[in-house]
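A.B. asks: Here are the chains, one letter per residue:
4 protein chains.
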Amino acid sequence: MYECAGVRQTFFMPGWCVENYPDMARSIVAGGHEIAAHGYLHEFAHGLSPEEERALLTRTLEAFERVVGVRPRGWRGPMYTFSDVTGELLAEHGFEYDSSLMGDDAPYLLDVGAGEIVELPVDVANDDGFQYMNVIDLDYISPQRAPARAMEVYRAEFAAMHAIGGLWVAVLHPFASARPSRAAELEKLVVELSERDDVWLAPLGEIAAHVREVQERSGSVRVERLPFYTGPLELP
Amino acid sequence: MYECAGVRQTFFMPGWCVENYPDMARSIVAGGHEIAAHGYLHEFAHGLSPEEERALLTRTLEAFERVVGVRPRGWRGPMYTFSDVTGELLAEHGFEYDSSLMGDDAPYLLDVGAGEIVELPVDVANDDGFQYMNVIDLDYISPQRAPARAMEVYRAEFAAMHAIGGLWVAVLHPFASARPSRAAELEKLVVELSERDDVWLAPLGEIAAHVREVQERSGSVRVERLPFYTGPLELP
Amino acid sequence: MYECAGVRQTFFMPGWCVENYPDMARSIVAGGHEIAAHGYLHEFAHGLSPEEERALLTRTLEAFERVVGVRPRGWRGPMYTFSDVTGELLAEHGFEYDSSLMGDDAPYLLDVGAGEIVELPVDVANDDGFQYMNVIDLDYISPQRAPARAMEVYRAEFAAMHAIGGLWVAVLHPFASARPSRAAELEKLVVELSERDDVWLAPLGEIAAHVREVQERSGSVRVERLPFYTGPLELP
Amino acid sequence: MYECAGVRQTFFMPGWCVENYPDMARSIVAGGHEIAAHGYLHEFAHGLSPEEERALLTRTLEAFERVVGVRPRGWRGPMYTFSDVTGELLAEHGFEYDSSLMGDDAPYLLDVGAGEIVELPVDVANDDGFQYMNVIDLDYISPQRAPARAMEVYRAEFAAMHAIGGLWVAVLHPFASARPSRAAELEKLVVELSERDDVWLAPLGEIAAHVREVQERSGSVRVERLPFYTGPLELP
Chain B
186 MYECAGVRQT
196 FFMPGWCVEN
206 YPDMARSIVA
216 GGHEIAAHGY
226 LHEFAHGLSP
236 EEERALLTRT
246 LEAFERVVGV
256 RPRGWRGPMY
266 TFSDVTGELL
276 AEHGFEYDSS
286 LMGDDAPYLL
296 DVGAGEIVEL
306 PVDVANDDGF
316 QYMNVIDLDY
326 ISPQRAPARA
336 MEVYRAEFAA
346 MHAIGGLWVA
356 VLHPFASARP
366 SRAAELEKLV
376 VELSERDDVW
386 LAPLGEIAAH
396 VREVQERSGS
406 VRVERLPFYT
416 GPLELP
Chain A
186 MYECAGVRQT
196 FFMPGWCVEN
206 YPDMARSIVA
216 GGHEIAAHGY
226 LHEFAHGLSP
236 EEERALLTRT
246 LEAFERVVGV
256 RPRGWRGPMY
266 TFSDVTGELL
276 AEHGFEYDSS
286 LMGDDAPYLL
296 DVGAGEIVEL
306 PVDVANDDGF
316 QYMNVIDLDY
326 ISPQRAPARA
336 MEVYRAEFAA
346 MHAIGGLWVA
356 VLHPFASARP
366 SRAAELEKLV
376 VELSERDDVW
386 LAPLGEIAAH
396 VREVQERSGS
406 VRVERLPFYT
416 GPLELP
Chain S
186 MYECAGVRQT
196 FFMPGWCVEN
206 YPDMARSIVA
216 GGHEIAAHGY
226 LHEFAHGLSP
236 EEERALLTRT
246 LEAFERVVGV
256 RPRGWRGPMY
266 TFSDVTGELL
276 AEHGFEYDSS
286 LMGDDAPYLL
296 DVGAGEIVEL
306 PVDVANDDGF
316 QYMNVIDLDY
326 ISPQRAPARA
336 MEVYRAEFAA
346 MHAIGGLWVA
356 VLHPFASARP
366 SRAAELEKLV
376 VELSERDDVW
386 LAPLGEIAAH
396 VREVQERSGS
406 VRVERLPFYT
416 GPLELP
Chain C
186 MYECAGVRQT
196 FFMPGWCVEN
206 YPDMARSIVA
216 GGHEIAAHGY
226 LHEFAHGLSP
236 EEERALLTRT
246 LEAFERVVGV
256 RPRGWRGPMY
266 TFSDVTGELL
276 AEHGFEYDSS
286 LMGDDAPYLL
296 DVGAGEIVEL
306 PVDVANDDGF
316 QYMNVIDLDY
326 ISPQRAPARA
336 MEVYRAEFAA
346 MHAIGGLWVA
356 VLHPFASARP
366 SRAAELEKLV
376 VELSERDDVW
386 LAPLGEIAAH
396 VREVQERSGS
406 VRVERLPFYT
416 GPLELP
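Residue numbers (our numbering), protein chains in the order written: chain B, 186 to 421; chain A, 186 to 421; chain S, 186 to 421; chain C, 186 to 421.
Be a bit skeptical, because a hint or two may be false.
Quick list of in silico lysine to aspartate or glutamate cross-link-like pairs, DMTMM-like style, CA-CA up to 20 Å [what the hints assert, rightly or not]:
hint : chain 1 : residue 1 : chain 2 : residue 2
1    : A       : K373      : A       : D383
2    : S       : K373      : S       : E337
3    : C       : K373      : C       : D322
4    : S       : K373      : S       : D383
5    : A       : K373      : A       : E228
6    : B       : K373      : C       : E337
7    : C       : K373      : S       : D383
8    : B       : K373      : B       : D383
9    : S       : K373      : A       : E337
10   : S       : K373      : S       : E237
11   : A       : K373      : A       : E337
12   : A       : K373      : B       : E337
Negatives, chain C to chain S, calculated, CB over 12 Å [claimed, not checked]:
hint : residue
13   : R244
14   : V309
15   : P388
For the record, the hints were derived by calculation from the structure and aren't laboratory data. Virtual Cβ for every residue (Gly too), placed ideally from N, Cα, C.
Required output: the full structure, derived from the provided sequences and hints.
C.D. replies: Next up, the structure:
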């Protein structure tokens, strides 16, 4: 498993991967990290019927419980997809947070009808796939760039988020950032951040718990209802 | 609403957005900015019949008047599109300027048959979409670059335009440039420009008014008739 | 017309443009520059029958002679295309050189059956289209880069070609490099080169004449017969 | 043939190229380099039936033996493709190593059923195609970048691999890296590496032999069986 400067991380893992790579799944938890769910087979939510989406979510949760003995608290939609029933399904199944949407620079609460879940927003700017991915089968061939180019993006993103007291979430994939030249640069950044006393580095589950606590104490967290479109609007 | 160093800006807003986000539209005007039109639902002009184009323009103007109490003086075609009737429609409906075309480095006058409108030319080099946009549904996935890379482009563009006494128009979208890491760099540039006494930073409507005044005073502004092609030319 | 540091250039112009912008065509010659041909309507050679290709070439030459009073000595195939009859057609019609192929770092002679023409090879590395082009109708949307990025490519290309005594040909389009921020950087480079006494800056026609003279004097120029494929090879 | 600082290299050559450019193939061996196989006509393995794949491999080996008098020890799949029978075919035909897969940062052994072959893993980060390739017929048009941008990638990759004692394999194509501006920068790097006493620069065949020797001596090399999928998995 990829460790980085001893910092506890959240690993999002599809249910299929948990079933087929049980040792990997167990080593995440054994290493003190958080394990969270990322679809069953990286399926895109908007391509599924509500029944299919529910069945895959159930199967994923069963895999987590059977293999790792853990019920995940967090979810990230494959390719950040989120259907009009995803939020409700997550709340029903006891998820505490989602981290798929891009609606703010700080955590907020998503009113999903059946309750509220914490949203820990992300952005493609911090997704290493959009720095390094090169997959001809996905019709995505990319000029390969140096780790320094990606770090320039991440560091600018971190600095700006820190300046406004926001949340910076790096979305890192083993096939991209675990390559030695890239991991070395990332580790330098993580070491720097972990040595600062004005930065809180934590697994997302702990951040979600903190958001709920703030909300209970002060009610100051923004509550959002997702405006949902199932396709392009039509001209009048 | 996104404010930048207290500088008055022109916000181009589609009619649908004015209808659905009236508070946003009103806050633009309340903040001392100019609000201008950007299609009804970001429709591309060349995909519309003249009747459709006219109907959408009418509906957009009604939205502006009903919601904001303002008749927009300026227009930017969605994706810079401009059909063979756009110019005439804009003149008929009292628009004073368009800012969709790329025909010069300085403002010029567009002879649209039914009169003249001021053209405030733009270029994709100064459009943040071509720096940061990443929208899989538009089949446009882009390696994410650092704000410093975009600023390098904008600063070179500004410097060259300033050297020849031209017009520099930055085309900024909330989904791209309002991201904190990018906004911070832009704000630095805007602060620099606003402190210079050899730069005129102004909403486009004021620049268009100035161009008309120059033309009335001296007749020195270039008048252009758009050479219009409805499709690729055919080989003889 | 775009002038650059008083240096004489070769302007490749399609026949249609000569017909429709005669003043532009005449001003090139009046400015002491070379005018050369670039297809009739930027048609790709491999999409034409030999008869079509011949007819368009004839029409292009008539346009040059009628409008400018000049028979072009040089040719660049639109998008660098070159069919299995292009070479022969060029030789038949008295062209002295082609500048569409990428077969060497120095000029060579192309044996086209009906004779030999000088080939002044180019490369996409020095084509500003692949630095700046952004044309949605050609399905080519590009992250916009700073002039400094393109200059980094051109300067590396020039330096390496100079070191080996090769030919460096910059392929510049008005829609790309005539933008002020880009033209300013290019002009700096051209001024530098024009002040060096170990660089020969010249229109391509003069370079082609020099190549012929070298060949007549010494026979030392490589003669190449184009290996021609009309499509992908098939597996045995 | 492209020589670089006198360093012996491995040249991967398709069988068709060996047949059609015999002098090139022979000069590789005459120059003290290793020649290895790269398909017959750059065909992708996953598009072939096992019979077709076998027939093309046989024909490639015949070309090597007939033209160069050498039976290649190494293989790189065109576009890194590797079917579910490729490994077995390579072992059957006496190949000692493959260099097409991306499964580790150091050499490993591939258990292909019919035996074991050494795998010398590569990565697209070190493939010059993803720095410079621009081929409209492959629907791959790329902004052209400076050699310095590619070197930044290669140098970061080399440094990280060296730090962990891994294998760094540069995948260079004549159409990309033999361009003078790029070759000059590569040569600088190769000279630097060849002057270090903590770097082993060698043809891949020698590295494969070393891996086998280590394995025989210590059994410490990882043995991997390729998990093979013939297409995307289906949702349950």
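A.B. asks: Identify every previously stated hint that the structure contradicts and give their numbers, smallest first.
C.D. replies: The structure conflicts with hints 3, 5, 7, 10, 13, although it agrees with all the remaining ones.
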